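> Protein chains in written order, with the numbering used here: chain G, 1 to 230; chain V, 1 to 265.
Since the hints were made in silico from the structure, they are not lab data. Here the structure is a predicted model, which means the values were calculated and not measured. Glycine is no exception: its CB is placed at the ideal position from the N, C-alpha and C atoms. Be aware that one or more of the hints could be misleading.
As the list claims (entries may be wrong) - Here are a few chain G residues that face chain V, going by a calculated C-beta distance under 8 Å: (1) 16; (2) 36; (3) 55; (4) 132; (5) 140; (6) 142; (7) 144.
To be verified - List of simulated lysine to any residue pairs, SDA-like, C-alpha gap at most 25 Å: (8) 140(V) - 108(G); (9) 92(G) - 165(V); (10) 66(V) - 196(G); (11) 251(V) - 35(G); (12) 165(V) - 108(G); (13) 75(V) - 12(G); (14) 92(G) - 251(V); (15) 31(G) - 251(V).
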Amino acid sequence: MSADNTFHYALSSNNAWAGYKAHQNPQFFPKLAGGQSPEILWIGCSDSRCPETTILGMQPGDVFVHRNIANIISPTDINTTAVIEYAVANLKVKHVVLCGHSACGGAAAALSDVRVGGVLDTWLLPLKTVRFNHAEELEAITDEKERIMRIAQLNVEAGIKVLMNNATIREAIAERGLEVHGVFFDISCGRIKELGCGTAHAGKGDHVVRGKHGQLVFGQDGEAAIAAAQ
Amino acid sequence: MIVVRHYPVLPRTTSTPLPRLRLTILPSATPRRFCSSHTADDKDRSKKDITMYLQETHDKVFENNKSWAAEQVAKDPDFFKKLAAGQNPEYLWIGCSDSRIPAEQITGLQPGDAFVHRNIANLVCNTDLNVMSVIEYAVKHLQVKHIVVCGHYGCGGVKAAMTPKDLGLMNPWLRNIRDVYRLHEKELDAIADEEARYERLVELNVYEQCRNVVKTAALQQSYAENGFPIIHGWVFNFRDGMLKDLNVDFKTILKDIQKIYNLTN
Numbered sequence: 001m002s003a004d005n006t007f008h009y010a011l012s013s014n015n016a017w018a019g020y021k022a023h024q025n026p027q028f029f030p031k032l033a034g035g036q037s038p039e040i041l042w043i044g045c046s047d048s049r050c051p052e053t054t055i056l057g058m059q060p061g062d063v064f065v066h067r068n069i070a071n072i073i074s075p076t077d078i079n080t081t082a083v084i085e086y087a088v089a090n091l092k093v094k095h096v097v098l099c100g101h102s103a104c105g106g107a108a109a110a111l112s113d114v115r116v117g118g119v120l121d122t123w124l125l126p127l128k129t130v131r132f133n134h135a136e137e138l139e140a141i142t143d144e145k146e147r148i149m150r151i152a153q154l155n156v157e158a159g160i161k162v163l164m165n166n167a168t169i170r171e172a173i174a175e176r177g178l179e180v181h182g183v184f185f186d187i188s189c190g191r192i193k194e195l196g197c198g199t200a201h202a203g204k205g206d207h208v209v210r211g212k213h214g215q216l217v218f219g220q221d222g223e224a225a226i227a228a229a230q
Numbered sequence: 001m002i003v004v005r006h007y008p009v010l011p012r013t014t015s016t017p018l019p020r021l022r023l024t025i026l027p028s029a030t031p032r033r034f035c036s037s038h039t040a041d042d043k044d045r046s047k048k049d050i051t052m053y054l055q056e057t058h059d060k061v062f063e064n065n066k067s068w069a070a071e072q073v074a075k076d077p078d079f080f081k082k083l084a085a086g087q088n089p090e091y092l093w094i095g096c097s098d099s100r101i102p103a104e105q106i107t108g109l110q111p112g113d114a115f116v117h118r119n120i121a122n123l124v125c126n127t128d129l130n131v132m133s134v135i136e137y138a139v140k141h142l143q144v145k146h147i148v149v150c151g152h153y154g155c156g157g158v159k160a161a162m163t164p165k166d167l168g169l170m171n172p173w174l175r176n177i178r179d180v181y182r183l184h185e186k187e188l189d190a191i192a193d194e195e196a197r198y199e200r201l202v203e204l205n206v207y208e209q210c211r212n213v214v215k216t217a218a219l220q221q222s223y224a225e226n227g228f229p230i231i232h233g234w235v236f237n238f239r240d241g242m243l244k245d246l247n248v249d250f251k252t253i254l255k256d257i258q259k260i261y262n263l264t265n
């Protein structure tokens with residue numbers, strides 16, 4: 001697809017989408033214009049392969065979104081902080097989901113000793129810190145893809161720690177049972193799995209939840225479930 | 001020729017809707033309030049209800065995701081293999097965090113098509129390393145061809161910035177929108193109707209954020225060297241689901257700002 005085509009595609013495609021949605025449900029847009037009450041705050045990577053609402057199978061109005069390079073949670077970053085503040089304190093979302101993903105360019109950069117240049121090295125610093133904090137474990141992984149995958153998961157765990165210490169989030173957990181989840185999107189199979197960190201897993205081991213349509217295995221077994229599905 | 005891919009893009013993949021209504025049967029929206037006015041038994045039951053409700057909304061996401069992944073594989077068995085090989089997006093999308101504007105769905109773009117940054121009120125601030133990293137990575141490393149700044153009418157962030165109120169932690173972020181107002185004070189003050197003024201501020205905010213993208217070194221250098229990316233300002237309208245192209249005059253902006261903000265060496 002040439003550059004020009006993609007551009008016109010998106011605009012014409014929007015036209016078709018709006019027509020389709022309005023036809024399917026005439027109340028769709030009037031309802032949307034009435035306001036938002038999303039239940040999920042999604043913090044994920046800017047990577048084009050991780051479109052949150054699409055991969056979650058959800059609809060406009062369901063997910064409040066912040067996406068940055070390598071889904072890094074930097075405690076003093078006012079951009080992320082403003083998003084959290086608005087979503088948790090004002091919209092009162094019920095879940096905060098931090099999602100990492102496989103084949104992350106930021107993770108690969110953090111594992112490399114080459115300077116990326118510009119402002120990127122500074123932004124990636126928390127990820128570099130994760131690398132040095134887990135140097136032994138990461139160096140023991142011989143497969144490069146696996147190593148990139150592992151540091152991205154450790155990055156989510158580190159991000160969850162920062163989120164759990166955020167004052168607004170702490171209050172919401174105590175006062176109204178806000179849940180915080182660390183998850184991982186495997187691009188090679190399109191599945192999301194729980195990483196076993198966050199509120200539901202504080203101090204607990206693996207556990208199984210039976211939903212209406214199947215069972216969900218949290219923690220380590222999630223990996224096995226993904227492997228079995230492939 | 002433009003071929004629009006088949007619709008529905010992504011219908012809800014499971015037949016059961018989100019159990020949103022369950023909340024209405026709870027005695028109160030927040031546990032804090034009914035904790036104080038109910039018996040211990042009630043409190044216990046309510047807590048259980050909430051826990052169950054949270055678990056269900058949470059499970060739903062994973063179920064949807066599972067069906068979505070299966071659907072993609074059914075359509076194209078190599079879908080995820082290709083996706084895992086790497087990304088080569090044509091777009092950088094800078095949009096609002098608002099839940100009603102999932103970039104990919106409203107444009108019909110597929111996974112892999114658009115690199116996305118979303119923050120409160122789609123702002124591009126010079127000192128924000130978060131958005132600056134996104135722009136730098138998208139332009140220099142991914143070499144995107146288009147950068148879209150997409151705002152929307154009815155933006156809560158823009159509205160908040162028009163409100164004379166101390167918003168605590170949000171102040172430093174929303175200050176940037178107040179600055180947009182100041183830059184266009186005359187035009188905005190001349191609009192008598194408040195709703196119309198608010199809508200115009202949304203448009204002017206997109207316009208100013210486009211200017212801020214043009215002021216970056218990454219953009220200026222890449223454009224001088226490659227002739228891309230180019231900048232677009234769009235506004236999404238909830239009332240009909242349509243995107244409005246503000247037809248931002250990229251070349252004129254570039255020429256204007258380079259008198260002072262030239263970073264092309």
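> All the hints need checking, so say for each whether the structure fits it.
Tested hints:
For residue 16(G), the shortest C-beta to C-beta distance to chain V is roughly 5 Å, which falls under 8 Å, so the interface hint holds. The restraint placing residue 36(G) at the interface with chain V holds, with a minimum CB-CB distance near 5 Å, inside the 8 Å limit. The beta carbon of residue 55(G) comes within 6 Å of a beta carbon in chain V, closer than 8 Å, and the hint placing it at the interface holds. The closest approach between the C-beta of residue 132(G) and any C-beta of chain V is roughly 20 Å, which is over the 8 Å cut-off, so the hint fails.
Hint on residue 140(G) is violated. Least Cβ distance to chain V is approximately 24 Å, over the 8 Å limit. The beta carbon of residue 142(G) is not positioned within 8 Å of any beta carbon in chain V (closest approach about 19 Å), and the interface hint is therefore violated. For residue 144(G), the interface hint is violated, the least distance from its beta-carbon to any beta-carbon of chain V being 14 Å, above 8 Å. Taken as a hint, the residue 140(V) and residue 108(G) pair is honoured in the structure, with Cα atoms around 16 Å apart against an allowance of 25 Å.
Distance check on the hinted pair: residue 92(G) and residue 165(V) sit about 20 Å apart at the alpha-carbon level, within 25 Å; holds. Straight-line distance between C-alpha atoms of residue 66(V) and residue 196(G) comes to about 18 Å, which keeps the hinted pair within the 25 Å bound. Pair hint residue 251(V) plus residue 35(G) does not hold up; C-alpha atoms about 36 Å apart against a cutoff of 25 Å. About 43 Å separates the Cα atoms of residue 165(V) and residue 108(G), which puts this hinted pair outside 25 Å; it is violated.
Between residue 75(V) and residue 12(G) the CA atoms are separated by roughly 23 Å; this keeps the pair inside 25 Å, and the hint holds. Restraint check for residue 92(G) and residue 251(V): the C-alpha separation of about 42 Å exceeds 25 Å, so the hint is violated. For the suggested pair residue 31(G) and residue 251(V), the alpha carbons sit about 38 Å apart, so the restraint of at most 25 Å is broken.
The earlier numbered hints that this structure contradicts are 4, 5, 6, 7, 11, 12, 14, 15.
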